[in-house]
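These protein sequence lines map, in sequence, to chains G and C. Position 65 of the first sequence, counting from 1, maps to 65 under full-length UniProt numbering, and the rest follow consecutively. Position 16 of the second sequence, counting from 1, maps to 16 under full-length UniProt numbering, and the rest follow consecutively.
Be aware that a few hints might be false.
Unchecked claim - Cross-link-like lysine to aspartate or glutamate pairs, in silico, EDC-like; alpha carbons within 20 Å at most:
(1) G/K779 <-> C/D99
(2) G/K779 <-> G/D822
(3) G/K43 <-> G/E411
(4) G/K617 <-> G/D596
(5) C/K165 <-> G/E411
(6) G/K779 <-> C/E114
(7) G/K978 <-> C/D69
(8) C/K165 <-> G/E576
(9) G/K451 <-> C/E137
(10) G/K97 <-> C/E137
No lab work stands behind these hints, which were simulated from the structure alone.
In case you want the letters, here they are:
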Amino acid sequence: MAIRSFLILFILFFFSSLNPILSLYEDQVGLVDWHQQYLGKVKQAVFHTHKTGRKRVVVSTEENVVASLDLRQGEIFWRHVLGSNDVIDGIDIALGKYVITLSSGGSILRAWNLPDGQMVWESSLRGPKHSKSLFLVRTNLKIEKDNIVIIFSNGRLNAVSCMDGEVLWEKDFEGESLKVQQVIQPPGSNLIYVVGFASSSLFEMYQINALNGELLKHESAAFSGGFLGEVSPVFSETVVALDSTGLILLTISFQNGKISFHQMPISNLVKDSFGPAKIIPSSVIGIFAIKMNAVTIVIRVKDESKLEVVEKTNHETSISDALSISEGQQAFALVQHASHEIHLRVKLAHNWDDNLLKESVKMDQHRGLVHKVYINNYIRTDKSYGFRALIVMEDHSLLLLQQGEIVWSREDGLASIIDVTTSELPVERDGVSVAKVEHNLFEWLKGHMLKLKGTLMLASPQDIAAIQSMRLKNSEKSKMTRDHNGFRKLLIVLTRAGKLFALHTGDGHIVWSHLLQSLQKSKVCQHPIGLNLYKWQVPHHHAMDENPSVLVIGKCGPSSDAPGALSFVDTYTGKELSSLSLVHSVAQVIPLPYTDSTEQCLHLLIDADKHAHLYPKTPEAISIFEREFSNIYWYSVEDDNGIIKGHALRGKCTGEVADEVCFDTRELWSIVFPSESEKIIATVTRKLNEVVHTQAKVIADQEVMYKYISRNLLFVATVALKGSVEIGSVTPEESWLVAYLIDTVTGRILHQVTHHGSQGPVHAVFSENWVVYHYFNLKAQRYEMSVIEIYDQSRADNKDVWKLVLGKHNLTSPISLYSRPDVITKSQSYFFTHSVKAIAVTSTTKGITSKQLLIGTIGDQVLALDKRFLDPRRTVNPTQAEKEEGIIPLTDPLPIIPQSYVTHALRVEGLRGIITVPAKLESTTLVFAHGVDLFFTQLAPSRTYDSLTDDFNYALLLITIVALLAAIFVTWTLSERKELQENWR
Amino acid sequence: MAPIARLLLLALLSTALTISSGSGDGYTINGRVKIPQGLGTKGFALPGKTSNVKVILNGGQIVTYLRPDGYFLFQNIPAGTHLIEVAAIGYFFSPVRVDVSARNPGKVQAALTENRRGLSELVLEPLRDEQYYEIREPFSIMSVVKSPMGLMVGFMLVVVFLMPKLVENMDPEEMRRAQEEMRNQGVPSLASLLPGGGRN
């Protein structure tokens with residue numbers, strides 16, 4: 001074994017010294033990697049379906065994406081992911097060629113060219129006060145071929161030219177307590193109404209000339225009952241609101257500048273009314289909806305004050321915005337949810353009783369409820385109106401319905417991944433279906449002939465295309481069974497919508513998806529939030545027949561003491577095995593390294609009251625746990641107070657209801673950072689499942705250094721309070737960054753280093769005995785990366801081979817909590833060009849292969865950087881021995897080699913996280929990067945030294961063998977003839 | 001709002017103006033990204049295609065895009081030293097340090113952080129284009145010869161054709177002695193090792 005690993009190390013060194021960068025040929029794109037583009041949950045959609053040109057729909061999403069989609073297939077024409085704090089407030093299409101977006105709390109207005117997504121103009125809007133109310137009003141007002149768009153934001157009404165983004169006029173609404181509720185622009189007139197509430201009981205109406213912003217009228221009227229929530233416009237000069245109790249509907253009309261109120265108690269309309277109502281805003285003329293508990297009531301407004309209930313339903317209902325289909329006619333859609341189907345109805349606004357369209361569409365239950373609906377019309381061949389509906393589901397997916405069918409669907413929930421884990425695929429057995437590999441011998445021969453042609457550069461362009469498609473379509477990689485090298489796995493991802501997806505690593509297709517019951521809105525849990533995914537059951541040895549499963553942890557609501565929710569999901573079938581609503585909260589989850597007889601992993605859940613709860617709740621788990629009772633330590637970080645605490649278990653819970661799996665905890669130590677000068681901005685620890693191959697490191701002069709490998713090391717970065725703001729607002733003198741290495745069992749600070757004139761954000765990664773972190777150096781005005789390596793010095797003088805062999809090397813130094821561990825650290829800093837969004841490190845099965853850092857840059861690319869570039873032993877002029885060891889001469893900046901971007905020419909837009917998973921093959925690691933996009937690839941940090949690469953030249957091998965054989969026979973005959981001649985002589 | 005638009009127009013006309021005090025509470029940084037036509041024509045980014053270029057202030061605080069003419073604009077920027085990065089697939093841009101000073105507005109203070117070169121106006125050009133793929137070398141005899149298989153064949157050829165030559169150059173006396181020795185030891189010849197070679 002030792003010899004083998006030595007050999008591997010040797011080969012590894014040999015190969016890595018040949019070429020330190022990994023690289024990809026252009027024709028290898030898509031062989032082992034895949035890239036998927038998503039949008040996120042659609043917030044607003046605008047159709048663009050003119051007769052000429054392609055039919056598109058422009059959407060804005062909760063991931064700050066603005067995109068133009070092909071209405072026929074749902075493919076992305078273009079897409080822009082705006083900055084993380086540039087939330088899109090509204091979109092519209094203007095002049096038939098520009099997409100207008102309002103973002104950043106109504107302060108930035110941009111226009112994008114509809115065909116190609118090029119930004120045309122950008123303008124910044126500011127107002128006298130910050131307010132939440134924002135409106136983007138589409139108008140048909142024309143001023144010399146130009147359209148204007150009316151925007152209300154931050155207490156100011158702006159009219160902006162669509163041609164160049166110039167503000168034509170502006171009007172401030174500076175009333176102290178004025179809350180603008182609606183901006184109404186009656187079609188066909190040059191008037192704008194701005195309505196809102198001032199103080200709590202005053203209704204204000206402003207009438208403005210849309211052409212020049214002149215205030216024509218200002219009226220206000222008091223209503224003693226006060227107002228609640230939003231208003232819904234029903235006519236151009238009438239709105240509907242609720243009084244402060246939520247029990248009385250108010251129809252407010254302001255025709256001709258005269259404000260009049262009409263009251264209508266909801267109980268008069270609906271007999272069994274219960275509780276306060278909420279208005280669901282809609283833009284349909286004469287119709288609005290209110291919601292009371294789970295009941296939706298659609299109300300029609302006749303004339304000025306007559307209200308009439310037209311529909312009352314218990315089903316979840318969504319109403320689309322109004323769509324004007326012809327002069328004076330408005331259509332709108334209603335979508336209702338019944339268990340397996342959704343019912344879509346399209347009606348004319350003034351004619352409730354007739355349906356223009358009524359369709360039922362079968363819907364996968366795992367898409368949840370319909371959240372939003374947008375409609376668009378087209379003219380059928382028989383000149384009647386047809387409608388298509390774009391619906392947004394609870395799982396954030398986007399579907400287009402037309403003629404009772406789902407035309408296309410997009411799984412846009414995958415744009416907001418919260419957590420990722422992996423699962424093995426089933427073992428290949430007789431019953432398991434296996435894709436056909438090769439059809440017949442002829443096909444196989446043909447394929448290889450093509451490949452041979454390709455290698456000999458004889459292939460024509462068609463042949464090259466055929467070879468390429470053959471390589472990409474390799475059915476081997478998307479098989480549903482485990483493979484020998486461990487490349488095929490399932491990526492289990494949890495999305496913000498509470499849906500679990502299983503993606504195949506081979507080609508990224510969705511194997512199954514499941515909307516989790518425990519993370520659905522219910523009466524007990526109003527705002528469920530998914531938190532984490534853990535491996536629950538990983539069957540390998542004696543539980544081979546069980547399917548692996550994952551544990552999903554969530555909680556109800558954002559507060560820290562919200563009760564938790566658990567789900568257990570089978571990863572082969574995607575079935576939810578069970579779900580639990582917990583009585584306690586979940587502040588921290590500690591996966592313990594123990595498993596029970598069915599290979600279920602023990603997990604410790606710490607609640608907000610510092611009680612520990614053990615799962616699974618079985619007697620067997622408790623007995624295993626009690627054996628390891630005194631070996632369990634953990635830490636908690638309180639960012640706000642700047643405290644890090646260490647904890648251990650004390651005993652069974654006391655006082656409360658006797659619960660077998662509840663344990664009391666005690667605080668062991670705490671580190672309090674001075675709150676007036678330091679603020680915790682990053683904490684990083686080692687990955688729990690990381691494997692370290694060797695503790696010893698042989699350095700150039702035959703010396704051995706021992707890595708200080710402890711699972712209980714924590715890296716903490718703090719910055720000066722002033723430096724915790726963004727770059728650009730602090731001077732180097734008032735900002736510093738301190739990096740600590742803390743032992744989380746004893747609470748001892750092993751190492752501490754201060755970087756003066758530096759600030760965050762800090763991104764760090766911890767692996768083996770080193771930590772690498774990225775921060776900003778204000779003095780140099782550049783980003784820096786530092787490495788700290790920590791070595792165990794207590795064993796430095798302990799290099800007796802015999803002791804090592806006999807296993808006595810550990811016994812020389814006494815192990816005690818009170819003795820300071822004898823460690824030394826080495827560190828070095830380098831410049832790094834880019835801002836960083838995430839850092840990860842490659843991980844392999846046995847930890848033999850050298851490591852690479854995976855750096856997610858601000859440009860949404862992932863750069864692979866060899867760890868050897870971040871070696872504290874680098875010097876400007878390494879000695880010969882050091883060079884042989886592979887130490888690279890020191891340079892200030894870290895090199896950025898374009899070929900070492902693992903995402904090659906692609907972008908993982910909105911990059912948030914990078915996950916690495918070891919394959920079974922030691923040289924290879926699987927990399928999954930997620931953000932708005934998903935990207936997956938295989939990486940071999942030291943090249944694939946343990947298997948033949950994909951481009952291994954079998955033809956050449958064959959030719960060589962044939963040539964050798966031929967040569968043997970030729971020489972044989974030659975030698976025989978010669979021997980015969982010798983004998984004759 | 002109007003003064004900003006006017007400033008913008010002004011800036012469009014004269015590229016030298018980089019930082020200007022906008023109306024209200026901040027300053028405006030106005031610059032231009034220029035991608036030379038010659039660079040990066042190898043596949044990914046079409047020359048002059050600027051719709052996917054992002055300009056990033058202070059590591060993601062503000063992200064903006066380029067207008068068709070390559071200009072970009074950051075508004076409402078407080079005084080201080082800021083960092084501008086350009087993210088464009090296919091090109092390597094150096095981050096740029098821009099000083100916005102409250103004392104003398106309008107003064108340009110920008111420098112590339114990679115090579116500390118000062119910029120007289122905020123025109124950002126890529127330092128180099130980035131080639132993400134290895135270029136396949138065309139088929140050559142040398143690459144075949146250098147491969148392990150080629151080396152194997154080469155070695156075999158050396159053994160087959162050069163070894164006899166070496167043997168020939170040997171002293172005939174010594175040769176005979178060696179052959180005798182071999183015969184005594186009974187070392188099988190190459191022929192006898194092969195199937196059917198046992199005839200003689």
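Restraint check for G/K779 with G/D822, where alpha carbons must lie at most 20 Å apart | Violated - the C-alpha atoms of G/D822 and G/K779 are around 34 Å apart, more than 20 Å.
Hey, C/K165 versus G/E411, does the alpha-carbon distance stay inside 20 Å?
-> Roughly 73 Å separates the two Cα atoms, so the pair is violated.
Is G/K779 within 20 Å of C/E114, Cα to Cα?
-> 14 Å, holds
Given the hint that G/K779 pairs with C/D99, does the C-alpha gap stay at or below 20 Å?
-> With a Cα-Cα distance of about 13 Å, the restraint between G/K779 and C/D99 holds, given a limit of 20 Å.
Decide if the proposed pair is consistent with the structure: G/K451 and C/E137, CA atoms, cutoff 20 Å inclusive.
-> 17 Å, holds
Would you check the hint for G/K97 and C/E137, treating anything up to 20 Å between C-alpha atoms as holding?
-> 46 Å, violated
Is G/K617 close enough to G/D596, meaning Cα to Cα at most 20 Å?
-> At roughly 11 Å apart (the allowed maximum being 20 Å), G/D596 and G/K617 satisfy the hint.
20 Å Cα cutoff - pair C/K165, G/E576 = 78 Å, violated
Assess, step by step, whether the Cα of G/K43 is no farther than 20 Å from the Cα of G/E411, and give holds or violated.
-> 15 Å, holds
Between G/K978 and C/D69, is the straight-line Cα distance small enough, at 20 Å or below?
-> With a Cα-Cα distance of about 82 Å, the restraint between G/K978 and C/D69 is violated, given a limit of 20 Å.
Comparing the model with each numbered hint stated earlier shows that hints 2, 5, 7, 8 and 10 do not hold.
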